[in-house]
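Colleague: Letter by letter, the chains look like this.
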Amino acid sequence: MPLGSGVNDFVVRFANVNGTGSASANGIFAKALFRMGLPISPKNIFPSNIQGLPTWYEVRVNENAYLGRREGIDILVAVNPQSLKQDIASVKSGGYLVYDNSKKLHDSFLREDINFIGIPMMQMCMEHYSNPRQQQLFKNVVYVGALAALLDIEMEVIKGIISDQFARKPKLVPPNFEALDMGAKYAREHFDCPLDIRVERRDKIGDSIMLDGNTATALGLLYGGASVAAWYPITPSTSVAKAFEDYAKKLRVDPETGKKNVAIVQAEDELAAIGMVIGACWNGARAFTATSGAGVSLMNEFIGLAYFAEIPVTLVNVQRGGPSTGMPTRTQQADIISSAYASHGDTKHVLLFPSTPAECFEFGAKALDLADRLQTPVILMSDLDIGMNEHVSPPLKWEEGKKYDRGKVLSAQDLEEVKEFGRYLDVDGDGIPYRTYPGTHPTKGSFFTRGTSRDEYARYTEQGDAYVRNVDRLSRKFETAKSMVPSPQFYGKKNQSSYGMLFFGTTTYAALEAMDLLQGEGIGVDSMRLRAFPFNNEVEDFIHQHTYVFVVEQNRDAQMRSVLIQELGIRPEKMLSVLNYDGMPITADKIFKTVRHNLTELNPKMDAS
Amino acid sequence: MSFYKPTFSHPLLPKNEVGYRKADYEGAISTLCAGCGHDSISGSIVQACYEMNIEPHRLAKLSGIGCSSKTPTYFLSNSHGFNSVHGRMPSVATGANLANKHLIYLGVSGDGDTASIGMGQYVHAIRRNLNMTYIVMNNGCYGLTKGQDSATADFGSISKSGSKNMYQAIDLIGLALELGAGFVARSFSGDKTQLVPLIKAAMAHPGFAFIDVISPCVTFNNNAGSTKSYEFTREYMTATSKMDFVPKREEILVDYEDDSSIEVELHDGSKIRLSKPVQGWDPHDRNSAMHKLLDAKSRGEIITGLIHMDPKTQDLHNILNTSDTALNQLTEKELTPSLEALEDINQSFR
Ligand SMILES: Cc1ncc(C[n+]2csc(CCOP(=O)(O)OP(=O)(O)O)c2C)c(N)n1
Ligand code: SF4
Chain A
1 MPLGSGVNDF
11 VVRFANVNGT
21 GSASANGIFA
31 KALFRMGLPI
41 SPKNIFPSNI
51 QGLPTWYEVR
61 VNENAYLGRR
71 EGIDILVAVN
81 PQSLKQDIAS
91 VKSGGYLVYD
101 NSKKLHDSFL
111 REDINFIGIP
121 MMQMCMEHYS
131 NPRQQQLFKN
141 VVYVGALAAL
151 LDIEMEVIKG
161 IISDQFARKP
171 KLVPPNFEAL
181 DMGAKYAREH
191 FDCPLDIRVE
201 RRDKIGDSIM
211 LDGNTATALG
221 LLYGGASVAA
231 WYPITPSTSV
241 AKAFEDYAKK
251 LRVDPETGKK
261 NVAIVQAEDE
271 LAAIGMVIGA
281 CWNGARAFTA
291 TSGAGVSLMN
301 EFIGLAYFAE
311 IPVTLVNVQR
321 GGPSTGMPTR
331 TQQADIISSA
341 YASHGDTKHV
351 LLFPSTPAEC
361 FEFGAKALDL
371 ADRLQTPVIL
381 MSDLDIGMNE
391 HVSPPLKWEE
401 GKKYDRGKVL
411 SAQDLEEVKE
421 FGRYLDVDGD
431 GIPYRTYPGT
441 HPTKGSFFTR
451 GTSRDEYARY
461 TEQGDAYVRN
471 VDRLSRKFET
481 AKSMVPSPQF
491 YGKKNQSSYG
501 MLFFGTTTYA
511 ALEAMDLLQG
521 EGIGVDSMRL
531 RAFPFNNEVE
541 DFIHQHTYVF
551 VVEQNRDAQM
561 RSVLIQELGI
571 RPEKMLSVLN
581 YDGMPITADK
591 IFKTVRHNLT
601 ELNPKMDAS
Chain B
1 MSFYKPTFSH
11 PLLPKNEVGY
21 RKADYEGAIS
31 TLCAGCGHDS
41 ISGSIVQACY
51 EMNIEPHRLA
61 KLSGIGCSSK
71 TPTYFLSNSH
81 GFNSVHGRMP
91 SVATGANLAN
101 KHLIYLGVSG
111 DGDTASIGMG
121 QYVHAIRRNL
131 NMTYIVMNNG
141 CYGLTKGQDS
151 ATADFGSISK
161 SGSKNMYQAI
171 DLIGLALELG
181 AGFVARSFSG
191 DKTQLVPLIK
201 AAMAHPGFAF
211 IDVISPCVTF
221 NNNAGSTKSY
231 EFTREYMTAT
241 SKMDFVPKRE
251 EILVDYEDDS
261 SIEVELHDGS
271 KIRLSKPVQG
281 WDPHDRNSAM
291 HKLLDAKSRG
301 EIITGLIHMD
311 PKTQDLHNIL
321 NTSDTALNQL
331 TEKELTPSLE
341 ALEDINQSFR
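Protein sequence lines, in the order shown, are assigned to chains A and B. According to our numbering, the first sequence holds residues 1 to 609 in order. According to our numbering, the second sequence holds residues 1 to 350 in order.
Just chain A, with the same shape it has in the complex (with noise of 0.2 Å):
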């Protein structure tokens, strides 16, 4: 990749040490370039570990909102001597290493090809402050103060965006500016600011918000009306419970009696935790879990028993590394195949794929009303990238008075009017049955829910006939699901193409920029975002009316394109496969390589290198 123009179009690293605050200063810095008008995307890079160890974030500015990960640092940002050595080598040629040189560094860290600008943080903080805490904490402030002049982002804004952060303890401000300013002098008064890779202010982005997908999850999930949560801790998956919780303490109370609209369990596990939600739905609530894919693995039995007794059931997989502990803390698209079939004998999942924050909380609302229509499990497949690093996103929207959908249930007066009740009879033709919450009905509407073979009227039996009327009445409610679920999005001019482009969730950032550079080179590719699992006929089609179809996803084995092949019985050739798992965000490069790379092979005359 050739650097950045340099103006609004750069990466910046940050090496910092876990635990040591540093999180708060980068937040600022990412948080000016937005506030500045400028599309970014922050991410984190942090080890499983909570503290001591090297931590990363990264910055990428980009005015045209290619907002995937680039390789390539234009600027690092070192305060972490432990991994310097690493830092320094990768940085871009012609980038810049920023770094604390209270100590002089070692001539063998030198290179000659990228700029030095040592910056005396450590010690400016000893003389500056007396606390050692405060000490540590401002040397990262100081290195923001050193951006803004080097990078000529707005002082004012940074300020406005600390005096908001400590709005409730405003003693903090001042010492914080000092720093900023200390910082900021040192950088003017030994370097030619700004340098050539800067900011300059845009309005590039509208009324957008920035936020993790997982706060936008939680939002959906209590805008949908969630009123029970079960959860056991596990990266990345945590911050979904945890922001319910945090905005349900302030928007799920009774302000007279101060009691809460909600009840939110830590469970002993996720066996716990997926049965406390089964419990809850089957008795009329909405329940969610949010976990990562070892918490789904272990729910697995519970899945099945949900997906055959038909209960409701909302359920998060914010997917990281795998398999077993895998990559604690990196990303991946790796769960695919494990939700879409979780747990023993013939089962069927309802997947939905969010790509950006917006559709996190659109998702959210709308897996609890998928899951009381349809009344079986259905997953929410984030990530750890969306799901813990902020994106840009267009607001998060509820309409007016929308109401739930809960699906098809009786209520006393409707089971007055039905003369025997089938909790499993398909009366409408859609696979879809009735089913009444306990406690309805003095007489009618009781049944037995249980994991065990039954007939129509929920009574026990291993009947094959009545085993098999089930199961096909379940394969055709996945069939209505088809129509329910969202369909896919299309960017661009469709069928324009013989080859196609298929990604899903996360990817996508990476995948639209790959197709402008794919355009770049002439090479016209037809692109669709898959949202949900089942796949409706609009996926079908896509697949059917081109060629090739390149399929982008982040694990080994394809698990998407095995999914799209098994359900739509397509010719397996003509799947072709994008793949990586190293556990970072796909780049665009890398699409547009392998895209190119594969044309080439399919066609020797599209050579365009």
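If a hint is listed, it holds; no wrong ones were tucked in.
Which stretches of chain B does chain A cover? Using the computed rule of at least three CB atoms under 8 Å from a CB of chain A, they are:
1. 72 to 82
2. 118 to 124
3. 335 to 349
SDA-like, lysine to any residue: derived pairs with alpha carbons at most 25 Å apart:
4. A:Lys-204 / B:Ser-348
5. B:Lys-333 / A:Pro-255
6. A:Lys-85 / A:Ser-48
7. A:Lys-402 / B:Phe-349
8. B:Lys-333 / A:Pro-395
9. B:Lys-15 / A:Ala-412
10. A:Lys-397 / A:Gly-206
Honestly, the hints are just simulated from the structure, not real lab data. Bear in mind that the values here come from a model prediction, so they are computed numbers and not experimental data. Don't be surprised by glycine CBs; every beta carbon is placed ideally from N, CA and C.
Here the structure of chain A is known, so what remains is to put chain B with the ligands in place on it, guided by the hints.
Modeller: Coordinates of chain B with the ligands only, in the frame set by chain A:
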């Protein structure tokens, strides 16, 4: 297959205060082995619910997997029932209870279901003080999978195949006491006189109420040398006291001058009257109950009856401070935060 009895019952049979006959509390015909202790417990549940004037549809019956867990099919056919997965009834009951605090929750489990695969969920339901009645039909073996020893089988107990159990038994009562359960009792499937009032009191208790019921498996664990057989249990059982459950409705005017009887009042005003309790034991005092239990164990006795009760416990809903309206009754109005709140949220992310 479950076979259902005809619902017809003689019109002259007595009805309880809420208008149901005893037959209304029965379920499908049991498919358990003839003589299985579990069927007697089902019978006691039927009796207790009838006498408690419970409207069947206001009770939810939940269980795990096992012969014991099948029993909810055999009582209260007009209640919603739920056979969950093996050992995981407590979590389903927790969720159900969170969704609607106004129903009565009755969980039925086996000793295999609870003391092995479901141990984690059992102890956590206690820890959270879930408002439910939890009955373990304890036969010291796995009935449904044909007789393997369970974790409650006593050390040295002899199985049907003649082998001696080499491991210490898990005492679910001891655990419940240790974990702070507010209502702990033990009984015997063959002792309806004791079991029925215990079930009634458990259902009236405002938090987690546990009853461990020794329930012999006639097919796999009723042999000589088994410590969970009918014969052994009858021989070594001593009752803590004779007990009586007095529902709130009855104004209590009777005299209980007898020095050796204790009254325990429940939150709803019902009372449990214990006559002639065992010396040196106060059911309100967990320590004394613990002591009594260990003491009996060392003498090879099985104490039955109410072992401990704390009528003023805080159940899970109190702890979580949930609304008085059941959560499953809340609508968009209470559940969806306002559009203004959403605008504030959006603003906080700019
Ligand atoms: C996950 C799982 N493992 C194993 C089983 C097989 N299984 C069914 S019932 C049972 C034991 C039941 O014993 P207990 O709870 O004591 O009940 P009982 O039959 O003795 O009344 C086992 C192991 C199962 N159903 N599910
Ligand atoms: S096997 Fe044992 S526990 Fe199961 S029904 Fe028969 S007697 Fe009862």
